[in-house]
Amino acid sequence: MSAPYRTEAGGRIDRSRTLNFTFDGARMQGVQGDTLASALLANGVHLMGRSFKYHRPRGVLSAGSDEPNALVAVRRDDARYTPNLRATEVELYEGLQAESQNRWPSLRLDVGASARLLAPFLAAGFYYKTFMWPRKAWDRFYEPFIRAAAGLGKAPTQADPDRYASRYAHCDVLVIGSGPAGLAAALTAAASGARVMLCDEQAELGGSLLTDQGALIDGQPTHAWLADALSTLAALPNVTLLPRTAAFGYFAHNLIGLNQRLTEHLPTAQATGVRERMWSVRATEVAICAGALERPLVFPGNDRPGVLLAGAARTYLNRYGVTPGRRVAIVAGCDGAYRTALDLHAAGVTLAVIADVRPAADGPLLRAARAAGLIVRAGMTVTGTGGARRVTSVSLAPVRADGSVGGVSETIPCDAVLMSGGYTPSVHLFSQSRGKVVWDDALKTYVPGASVERERSAGACRGSFGLAAALADGANAGAEAARAAGFDVAPKTFAAEATEASADSVIGALPQPASTKTGEAFVDWQNDVTVKDLHLAAREGFRSIEHIKRYTTTGMATDQGKTSNLNALGVVSHALGAPMAEIGLTTFRMPYTPVTFGSLAGVSRGDLFEPVRATAIHDWAVEHGAVFEDVGAWKRARYFPKAGEDMHAAVARECLAVRSACGIFDASTLGKIELIGPDAAVFMNRMYVNAWTKLSVGKCRYGLLLGEDGFIVDDGVVGRIAEDRFHITTTTGGAARVLAKMEDYLQTEWPELKVWATSTTEQWAVIALQGPKARLILEGLVESVDLSPEALPHMSVVEARICGVTTRLFRVSFSGELGFEVNVPAEYGRAVWEAIWAAGRPHGLLPYGTEAMHVLRAEKGFIIVGQETDGTVTPDDVGLGWAIGKAKPDFVGKRSLARPAMSAPNRKQLVGIFTDDPALVLEDGVQIVAAPGQPTPKRLIGHITSSYPSAALGRSLALALVQGGRARMGETLYAATAEGDVPVRVTAPVFYDPDGARVNG
Amino acid sequence: MQPFSAFSLFREGLKGQKGWTPQWRTPEPKPAYDAVIVGGGGHGLGAAYYLAKEHGLTNIALLEKGWIGGGNTGRNTTIIRSNYLFDESAALYDHALKLWEGLSQTLNYNVMFSQRGVLMLAHTVHDVQSFQRHIHANRANGVDNEWLTPQAAKAFCPPLNITANIRYPVLGGALQRRGGTARHDAVAWGYARAADALGVDILQNCEVVGIQRDINGAVEAVETTRGPIRTKKVGVSAAGHTSVVLGMAGVRLPLESYPLQALVSEPIKPVFPCVVMSNTVHAYISQSDKGELVIGAGTDVYTSYTQRGGLHINSHTLDAVCELFPQFRRMRMLRNWGGIVDVTPDRSPIIAKTPVPGLYVNCGWGTGGFKATPGAAHLLAWTMAKDQPHPINAPFTIERFRDGHLIDEAAAAAVAH
Amino acid sequence: MLLIPCPHCGDRPELEFVYGGQAHIARPADPSALSDQAWAEYLYMRDNPKGPHAERWRHTHGCGHFFNLVRDTTSDMILASYRTGEPRPTLAADPKGAA
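Chains as they are written, first to last, in this note's numbering: chain Y, 24 to 1024; chain Z, 239 to 655; chain V, 182 to 280.
Don't read these hints as lab results, they were simulated from the structure.
Careful, some of the hints might be misleading.
Stated by the list, open to error - Below are the DSBU-like pairs computed for lysine-lysine, each with C-alpha atoms no more than 30 Å apart in a straight line:
{"#": "1", "chain 1": "Z", "residue 1": "Lys624", "chain 2": "Z", "residue 2": "Lys470"}
{"#": "2", "chain 1": "Y", "residue 1": "Lys764", "chain 2": "Y", "residue 2": "Lys777"}
{"#": "3", "chain 1": "Z", "residue 1": "Lys291", "chain 2": "Y", "residue 2": "Lys159"}
{"#": "4", "chain 1": "Y", "residue 1": "Lys76", "chain 2": "Y", "residue 2": "Lys152"}
{"#": "5", "chain 1": "Y", "residue 1": "Lys909", "chain 2": "Y", "residue 2": "Lys764"}
{"#": "6", "chain 1": "Z", "residue 1": "Lys392", "chain 2": "Y", "residue 2": "Lys159"}
{"#": "7", "chain 1": "Z", "residue 1": "Lys528", "chain 2": "Y", "residue 2": "Lys152"}
{"#": "8", "chain 1": "Z", "residue 1": "Lys591", "chain 2": "Z", "residue 2": "Lys336"}
{"#": "9", "chain 1": "Z", "residue 1": "Lys253", "chain 2": "Y", "residue 2": "Lys152"}
{"#": "10", "chain 1": "Z", "residue 1": "Lys528", "chain 2": "Y", "residue 2": "Lys159"}
{"#": "11", "chain 1": "Y", "residue 1": "Lys883", "chain 2": "Y", "residue 2": "Lys917"}
{"#": "12", "chain 1": "Y", "residue 1": "Lys159", "chain 2": "Z", "residue 2": "Lys507"}
{"#": "13", "chain 1": "Z", "residue 1": "Lys507", "chain 2": "Y", "residue 2": "Lys152"}
Stated by the list, open to error - Among chain Y residues calculated to face chain Z with C-beta under 10 Å, some are:
{"#": "14", "residue": "Gln124"}
{"#": "15", "residue": "Gly174"}
{"#": "16", "residue": "Pro179"}
{"#": "17", "residue": "Tyr187"}
{"#": "18", "residue": "Phe632"}
{"#": "19", "residue": "Pro958"}
Model, not experiment: these values are computed from the prediction.
Glycine residues also receive a C-beta, built at the ideal position from the N, C-alpha and C atoms.
Construct all of the structure, not just a fragment, from the sequences and the given hints.
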């Protein structure tokens, strides 16, 4: 059995397929093709929401994405709960569960509606004028109250399980909008062979043609022409049709963002696929055929449920087979409203009254209405409406010749009021493209001006109203776009037969009687902004539309002013006594309609959020129970705990193993750069602080790299493989940065140098062996190379073979023990590691991680870039002045080191720190002061850069940067910990084997 | 100045709001002023206020090329905090924070300053070390900052995802409880109204197109689109346009102007109690009093005056937000916009005299200017009035770049090893 | 996302590139001869123009070359693209180009 307001026949719905749904728990029925809004209207339900501030009862105003009132939440399950959806865009499916928002306890009886009693005091901006006393009441009382009253829907409470995808696409012509202009553009462009994409935010393509009755295109009724056009386009291989796809953003250089909805319209059981897809389309040419948005009329009581836009009501009738009421009042502010009157009349709906509010009521459609026997009362204004949760009457008064309004109104019973002030061209995307809109005085609206990007607007969105104009405009636009994209185009024409509306329209508030106190006339429905609010803003001195918008919040709701912007401009123009063209329009910003976060995030979540970089040894470490840390995008093994060990116990054991036997460590993440060319040494001299010319082949040097500002940016051991070849290492986090820096100098400063740099970070796996037994373990595995201290002294490198595999074998140590770093091609990394592991186990070989590595090097006073340095530290600060090649005339950073601040006497210098209490391990970053017990702000003279318990020393140690540190040896200073100032002693920044004997073993 | 209060609201409500008067005048420019501020954002308007209020300089004008508060002041994500690392920075931003704490009352304008806490998340060992260093330095400097474990962070911000199996799990966070947010437009309007009440002429749609200097090189006038104005003191507080304005006096600065985008979601009932920032996953988020989630991240990579950037920046910001707050994945972006942020090489501002006598500059705030608004304003006014910096802004000179005295907040945070 | 015309590869999306700041700032041949002020000019001071800007980009995820663009910072429109080492081209829209 059909719902009470469903028409007998007609519409594009499938009346044979009944759908069950609930709204606020009430069960109702609609049909396939309904939106939630049309289904509710069919059931006679007009109360769909409550407004933001005053909690006024509200019904649907429009039929599209411009809807400001009927916001609902749709629940598939507890996790797939979506708030703030427009009922006009929610496609009905079997089992849909929707609920209204911003009301308690129910939509009918909302406690928040008592705000209307305070409404006179809650005008725009009221919160700036109060809530200031007492001061503490803001945080404790006022703000929580405001926040609880604000907001619309409720946020979902669980993680969203739905999936989202994204795609990049290119096309020759992107047509945005599939009404008559868009279809004409697409047909014309596609015929030339250009790759055409056509998108529309609605489920069905066709735009205004979906609503039209009575016009002919090329001799066919519009619905038939539409069907033909769509099947033509669908059959063309060079055309991509994208319904349910909103073009939401126009970005620089013709990148258009499209958001495609894939499953929102499906019943839950079938909505299993990707929910939404984000398209980033780079279009050679764009045709914007976005149409126009109907404008409401501004009069007191224009917000009651049952007051709708006239064109929207026509959409409900012709597309969804629903009438808005049984006794319908029509208030015409434009000629187009009479189409609604004619169609309702033809459908047998009683028209309670038709009032025309234009100063001069005339036009082809008005005349057609009169010719059909309808009575039109011209020269009227609306002074109010009646009814509580549904409109029950409309009050009209005549407007005198001088524009004033008499005090006596006539009240006419009705159950729906349909109003239309005209149509506002949708210039949003054009404006986003950074083209300037221009004021068209004839149309009294803004239209697109000169294009900045490769685009053109066609049809209603550029002020070319009417079916014939849209088709012609669209065909031209499509042809021009395809031609500009390099295609030969055969022009197309489409012959339209239709009664076209005249162009006049109404903007701003309808005139009201001067004497009586009128009710609230709404301009922005969702944010409850009234004519009085806009006048108040003007009264308070706000003159720009931008200020007025921010002060009153008009245009800032989820509809972003689609139904309010131009009326607001009209009201403000009147309030300020300035022409609309002078006041300006607020900036249009993306998105045109709201876009799901998930769609923007796309597949970048979970495992795909950011790549994990793992070394060739990674899996071995996992299998051996390593705990990992993130260093940049790398996973590095931090320590290898045995059963029952915490990090401290594991690290202590690992450190002891290294110093007493041997440890094996994965150093593969460190950056490696192969530098090759006759000018390699010259380049090294210019880049690094060190002198490189005399470094012999087969020898290594600790390289220090500065920025041009003189501060340390990176370091690493560099081996000279040949006269013209260096194997450079960098920090893990700095690898890409260092190579990029080298390329910058090589390409743009010293292109004459013959040297090339290649990243080999991922090509070499690096197995570090550190400890007295290291040579012993390696000897059996390395072929044909003498590993003795005489043949391969500390800081050497040799090419050899290990386990049958090429290796660059470095004799280097970051631990201060006898050490080697075995570089093998990464694909052999794990195999060689396992061979070394097997050979080393009998000697007590243990794996160690980054934490132990940090402790071992700290015991030796070796800095770590990013820990002892922070971008503000010079070589001399950390005692590395010796590394600088003194004879070099220049290197990157040298000039900056000569600046006054860089050698100021009180710079922070690297020192060692012993706490008086040997068991106390200070936290990293603890600040140092000279005297205890200071009040804040204390005079800070340094900070702890690294701090560890040292198994080798049997006590804690720390490195620190302290002002004038090197002159403070033996001094007692204080560490300003959270528990109080703790005495510490300054010592040399090397704690273990200060003479460095062990490394020469 | 018409006082604002619950009583005046009530009284005017009874009169249909007809008794309110303009919050500031719309005067014609005078031919000369004792001082001129160029740039009508929060910093500039505030400086005009403090010049009049604290230094008795009331014959002054504020020149704004568009509408006051229309630049970065109206476009930021409203985050306020002072937990910076270096002593100079902590002093600077905490000076501002202390002024925030009484600002509504000072201006008799509710700027809706809400000290609901700023929580900065640590995701790596390096982050933890960096935040610990901040916390220790802050405590010693008298700035509140405390370490929270992941569980405590979630208790403070219930929507936070602290599961261990995401790409960059939360290892804890640094919380400044005195930090929070404020209503950005209100700050501009509040300072404008109070300055106007003291006699400051606020001249909108008045763009400076030239700076004239006398034979000694000192400032003697500015040329504007509304005519020339003679003055001996010009304070430029023009954010992303600073290079353009200072260029008129031949002063080059270490500034580059980048687009910084931000976005809001559709409004929802209260769900997010504080501000959360994450440098590792690149996003910051809070919920406004209107109910919208306010979200921002880093700049686009190239310099621009367009106040807009690329879509991929938004995608990258939101994928980070959704990892940290997976229940927000179904929320929708309502509006996105951009500003122009002037960035210095050490990410610290310049509030100083310029080499041109009578010309002062407040710039280089990059992505962090809003939080400093009352402090920057106060210090610019001081520097102009006394022709000397206040001790708090004394380190923030142009010359520090020549001498190497950089105050590099970014370097400490950025270097992952 | 900008569409950037790499002189070697043609139009490619911005994600393939890394921005390199203002172009044509040559590292002084003899830094030690500069005063601190002049060195700071080189190191830190920038034009930051509101208008055509000659800037460097590197096609990191492509050919790897550095190159230059002239881009109007008021619109992000790219006016010219040219190789490293070439002078800034003369453009009608760009008064700072080479004569």
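Cross-check of the supplied hints:
no.	hint	in the structure
1	Lys624/Z with Lys470/Z	13 Å, holds
2	Lys764/Y with Lys777/Y	17 Å, holds
3	Lys291/Z with Lys159/Y	25 Å, holds
4	Lys76/Y with Lys152/Y	17 Å, holds
5	Lys909/Y with Lys764/Y	23 Å, holds
6	Lys392/Z with Lys159/Y	25 Å, holds
7	Lys528/Z with Lys152/Y	17 Å, holds
8	Lys591/Z with Lys336/Z	24 Å, holds
9	Lys253/Z with Lys152/Y	16 Å, holds
10	Lys528/Z with Lys159/Y	20 Å, holds
11	Lys883/Y with Lys917/Y	27 Å, holds
12	Lys159/Y with Lys507/Z	23 Å, holds
13	Lys507/Z with Lys152/Y	24 Å, holds
14	Gln124	9 Å, holds
15	Gly174	3 Å, holds
16	Pro179	5 Å, holds
17	Tyr187	8 Å, holds
18	Phe632	4 Å, holds
19	Pro958	8 Å, holds
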